[in-house]
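**Q** So the chains spell out like this:
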Amino acid sequence: MTGQPSTTLAPKASRATRRGRPELYTDYRADQAIWNTPAKRFWTAALVLVGLYLPFTLSRDLTGLLTLVFIYAIGGIGLNLVTGYAGQVSLGHAFFLGLGAYTAAFLGGEPSGTVRGLELDLLIWLPMAGIVPAFVGLLVAPLAARVRGLYLAILTLGLVFMGEHLFKEARTFTGGPGVGRAPAEPVVFGYNLYARQTILGVELPRESVFYLFCFALMIGMAILARNLARSRWGRAFAAVRDRDIAAEVMGVPLLRTKTLAFVLSSFFAGIAGALLSVVIGRITPENWNLLLSIDFLAVILIGGIATISGSLIGAAFVVLLPRGVEWASGYVPFIGGAGGSGFISVFQLQGILFGALIVLFIVVEPRGLFGMWLRIRNYWKAWPFSY
Amino acid sequence: MSTVLEPTAPSAGAGLQTLPQRIREHATRDPQRVCMREKRYGIWQDITWAEYQEHIELVGHALVSLGIEPGDRVAIHSENRPEWLFGDLGIVAVRAITVGLYPTNPPAEVRYLLQDSGARVLFAEDQEQVDKALDVEADCPSLEWIVYLEPRGVSDYDHPKLLSWDDVLARGREHREADPSLIERRAREAESGDIVTLVYTSGTTGPPKGAMLTNGNVDFATRVLVTEGGTYDPPPTSDDVLVSYLPLCHVAERAATTWTNAAGGVTVHFAESIETVTANLREVQPTLFFAVPRIWEKLYAGVHIKMNAASRFKKLVYGFAMKLADRIGEELVRNQGNHTPTTRLLYAIGYPLVFRALRDRIGLRKVRAASSGAAAISPEVLRFFFGIGVIIYEIYGMTENSAVATVNRPGRVKLGTVGEPHDGIDLQIDETTGEILTRHPGVFAGYWNKPDQTREVMDTDGWLHTGDVGVWVDGTHVKIVDRIKDIIITAGGKNISPSEIENSLKTSPFIKEAVVVGDGRAYLTALIGIELDTIGDWALSRRIPYTTYRDLSEKEEVLKLVQKVVHQTNERFARVENVRKFRMMPKELDHEDGELTATQKVKRSSLFDMFGDLVDDMYGNRTAFAGGDLTTVHTPEHSDGEMEGAA
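As given, the protein sequences belong to chains A and B, one line each in that order.
The first sequence begins at 1 in the numbering used here and counts up by one.
The second sequence begins at 388 in the numbering used here and counts up by one.
Bear in mind the hints are in silico, worked out from the structure with no lab data behind them.
There could be a bad hint or two in this list.
[Said to hold, decoys possible] Derived lysine-lysine pairs resembling DSS-like cross-links, with alpha carbons at most 27 angstroms apart: (1) B/968 <-> A/381; (2) B/988 <-> B/881; (3) A/40 <-> B/753; (4) B/701 <-> A/40; (5) A/12 <-> B/753; (6) B/881 <-> B/685; (7) A/381 <-> B/685; (8) B/685 <-> B/837; (9) B/951 <-> B/710; (10) B/710 <-> B/837; (11) B/881 <-> A/381; (12) B/990 <-> A/381; (13) A/381 <-> B/710; (14) B/866 <-> B/837; (15) B/990 <-> B/968; (16) B/990 <-> B/693; (17) A/381 <-> B/951.
[Said to hold, decoys possible] Examples of chain A residues toward chain B, derived with CB under 8 angstroms: (18) 10; (19) 13; (20) 20; (21) 23; (22) 25; (23) 31; (24) 36; (25) 37; (26) 39; (27) 41; (28) 251; (29) 254; (30) 385; (31) 387.
[Unchecked claim] Every beta carbon over 12 angstroms from chain B, so not counted as near; a handful from chain A, in silico: (32) 11; (33) 24; (34) 32; (35) 115; (36) 172; (37) 189; (38) 195; (39) 259; (40) 386.
Don't be surprised by glycine CBs; every beta carbon is placed ideally from N, CA and C.
Produce the entire structure from the sequences given, and follow the hints as far as they go.
**A** Shown next as structure tokens:
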């Protein structure tokens, strides 16, 4: 016997027997694919096209805002990996963002006065901006893996305070409190990503150029995270989140899983921090405080715990909300401008709304905006039934 | 074979195409094409024509190596799965005879079937079926080997007759090396008169009888039902998809799965189990769908239950769409299943609103041809499916004529009839008895080892007496009245068909079983079994607490509900045909307990034995058991005592 000749040939099925049957999975690859239905493929492609088209039409101001959305999304995805997927509450995200920003600034920034800078290429400082925080995450993880819940939250909170102190004191790298320093220069082989450039025959302002760079990076990192989430490690994350003891019994190594979650999360945070510093322009140690951590918690809470697309939606919401309120204030009489006239100022309203929304989401829709989308989708998915 | 009556002219001996030949043709033409899929470990695993052919050969060789000779019987006791087809065709490929057993057959019936058929090898699916076989193996001297398909739980068994499926395939490979031309030789020797399968009839009256179907019968039926579009019109092609889920030992599913696949090249999907059929249908979205009325009714009831639980807005939209569906259904029925401009317009409105989604949810979105057979289906259910765009063609046939008798043709549908005789067959209705007679090359070769009973149904002219009373409608369509032996003759001498009344009662989604009693009595009564799902749902929404099936059956509210259904039915019938009293059956009827046949048909005789006291209660003018008459209902007097009484 030379084996069965028939089984070595790949089976083929006529198109007519497959078409229009999205749930008929004949292999695991299709079943587990990120874009497992034609509808998902279509809408993702459409959104990417819209994303690519926007910087050619939007104002510089709005383009910059959307760039911020992508940067927040990268950071949010990082936090979602450790907090959403692996269930390890972290308030220390701001520390890792700061670490990434200063690593980038040191490696890629200009030296001035006592502040040091090596003026290296983006291809060096950007990866390093991820790797250095990841390494620090690796050092912290064994400590963090020992505790959970409230204790872990407090432990990571400690990181933020230690970090803030460290940033204030390390003046040669950070410029010190109140002074700050210039960020890294996003230059790839002499090509500046944060300067006016001509792309496809269209002259674009620097915001649009950087927008395109961040957009591509965000998509790449989102796919990376999504792939991780549906891999063996992603399932290990979820197992640890749902019940760590049960996970350990099933053979999921707790320490290694939690460590990986921290390391990856820190890597994403570092990248986001480095990009953020470029947009901010001049960074001071006060940028990386607890409030920034809370911003990112809001991103994943409002967007949706343990979803990648939710992180993006949440980032958009958190970044665009202040602008939306500002815009709306022009039409609502009792909101005053920045000057202080009226019953309540725009900034006060922004703060109040932000807090109220976090409360509201936790109470009404803990799965966030993505959960709302799921609800809408399921409503139509079950049509005309209700379940 | 000596007992067999002269077989009616086989369809052109030279042109005979046996099922193994048809598979071989596919395997040579498109070896890599997928011919079936089986859902295992969460995904649909492809099986190609070449693999099908390979397994048929291996099973054939293995059987010969186990000593199976032409004409020997080999039994298959399994749910639908690829191995059923591999086994069946492998058996036929070496000219042996396939005997199908229902997966629900209890050990006693397994014993009877194995003894009666004299099967030498048994393919048993899993531990459950192997246990049944081992229970009765001592009483079946002819049984030499038990082949199990699923090793789980069985591989530890130490029994000299046990063989695993893998062992069988390995044996097959070995034997093929030694005698590579065996299958071809046997294929050449195959004759039209070779018996290929024993299909045991359900046996509502006596023990099951094994109907012998020959190569000629199967070939004729395959041509009529499949290639000439008898069941699905236009005929099935390799672009069609179907789900196999009804028991394959029944002739209807054998036609719908094995024959349709072999002749039409249709891709067959095997449902994971009977419980997952609804989910599997949704994934597969078959283009051809054959179901028995019970399944259609369940689909229909399922839609109702789910819509009752839907949100207000969804209900509103659904209600509107159902108004459209009612109009469409009625118009289609009036117009023999042909669309008119009105129905097309209404359908175009309803399709994006509800019909498309609804059909998608129940897995019928891509159905291009649907049929119902094996029992009478209620017109209400048909109208509903017509309305949402699934036109169901009622088809009639029986084991003894290889399921070839009549069908409703597209554009010539008459509701309440089973359609027109297939082209090229003889069908007549006996003028004195009203019995339907058929004569064609699909008429079986007789009952296995029962020449007397064969003579009872086959006359010397080759006419098969179906045992069904029928009438002509408009001279073209046949309407089935009832089984001849079920006709009730009341004390007043009036002939009444109980199944018409029973089907009318069962039209209600609340009633699962209804048995009309009244032979030799002054008036008709009925035993009623409720549909637990729908009544349970109904009780829940009315906050009526209940514990068991029996407890729910005996609730006063439920009795009133049943009484209403009885009233509605009575309005449709003449006074003598009215049901005057009813009693609730205290348990769900079940195959295991001998109240239903394997095909879920009520065994009247055993039912009257079991629930005789309920009948006596009605005709003795007592009210000891839960039930009612046309004016009042009553719950049992002292339920504790009755429990033992009924058991």
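**Q** The structure should be examined with respect to each hint, and the outcome stated for every one.
**A** Now for the hints, and whether the structure bears them out:
no.	hint	in the structure
1	B/968 <-> A/381	46 angstroms, violated
2	B/988 <-> B/881	25 angstroms, holds
3	A/40 <-> B/753	22 angstroms, holds
4	B/701 <-> A/40	25 angstroms, holds
5	A/12 <-> B/753	21 angstroms, holds
6	B/881 <-> B/685	34 angstroms, violated
7	A/381 <-> B/685	22 angstroms, holds
8	B/685 <-> B/837	37 angstroms, violated
9	B/951 <-> B/710	24 angstroms, holds
10	B/710 <-> B/837	54 angstroms, violated
11	B/881 <-> A/381	54 angstroms, violated
12	B/990 <-> A/381	43 angstroms, violated
13	A/381 <-> B/710	23 angstroms, holds
14	B/866 <-> B/837	30 angstroms, violated
15	B/990 <-> B/968	21 angstroms, holds
16	B/990 <-> B/693	32 angstroms, violated
17	A/381 <-> B/951	37 angstroms, violated
18	10	7 angstroms, holds
19	13	4 angstroms, holds
20	20	6 angstroms, holds
21	23	4 angstroms, holds
22	25	5 angstroms, holds
23	31	6 angstroms, holds
24	36	12 angstroms, violated
25	37	13 angstroms, violated
26	39	13 angstroms, violated
27	41	19 angstroms, violated
28	251	20 angstroms, violated
29	254	28 angstroms, violated
30	385	4 angstroms, holds
31	387	7 angstroms, holds
32	11	4 angstroms, violated
33	24	5 angstroms, violated
34	32	10 angstroms, violated
35	115	58 angstroms, holds
36	172	58 angstroms, holds
37	189	47 angstroms, holds
38	195	51 angstroms, holds
39	259	31 angstroms, holds
40	386	4 angstroms, violated
Violation of the numbered hints given earlier is confined to hints 1, 6, 8, 10, 11, 12, 14, 16, 17, 24, 25, 26, 27, 28, 29, 32, 33, 34 and 40; the remaining hints are satisfied by the structure.
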